[in-house]
Amino acid sequence: LALGWCCIWFLLHHILWVVWQCGRVPLRCPSMLDRYRRRLCRSQVYCTLAVLGSIRLLMRCRWDADDLLHIFDVEHQVLFTMAVGHWLVAVWEDMQCWRLLGAGMDSSIAGSM
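Per the working numbering, residue 1 is the first one in the sequence shown, and the count goes up by one each step.
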């Protein structure tokens, strides 16, 4: 199931960017900044689905800790494997644009912390 979600998130990495750009995607290899924008676009979809899924799960319980611990079913499995797939693809995306993850910080700034 997690592998299936990895495939879905990987496809969304490419498909959502075409939708986001209204089909104006060049055929050349995207720049590092475009790859990072793809990651952010896909992450927005994941975050929306995660919030909706968590609201649905919390609405089923009676706000009791026992309900959260003992009621584990297919919905939990789907949402948790969706999260695993998202984070595996996010790590792959971050490895492609690792220079942008410093947000403008260089080694001199990092060394002073």
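Derived by calculation from the structure, the hints in this document are not laboratory data. Be aware that a few hints might be false.
Restraint ranges, calculated between C-beta atoms of paired labels, are given here [to be verified]:
1) R99 / I55: 18 to 24 Å
2) E75 / L11: 31 to 37 Å
3) L33 / D67: 21 to 27 Å
4) H70 / A2: 21 to 27 Å
5) L33 / W87: 20 to 26 Å
6) A2 / C41: 19 to 25 Å
Note that CB positions come from ideal geometry on N, CA and C, so glycine has one too.
Verification of the supplied hints:
1. R99 / I55: 18 to 24 Å: Once the Cβ atoms are compared, 36 Å apart, the range 18 to 24 Å for I55 and R99 is violated.
2. E75 / L11: 31 to 37 Å: The hinted range 31 to 37 Å is violated for E75 and L11, with Cβ atoms some 23 Å apart.
3. L33 / D67: 21 to 27 Å: With a Cβ separation near 45 Å, L33 and D67 fall outside 21 to 27 Å, so the hint is violated.
4. H70 / A2: 21 to 27 Å: 23 Å, holds
5. L33 / W87: 20 to 26 Å: 22 Å, holds
6. A2 / C41: 19 to 25 Å: 22 Å, holds
The structure fails hints 1, 2, 3 (numbered hints given earlier, in ascending order).
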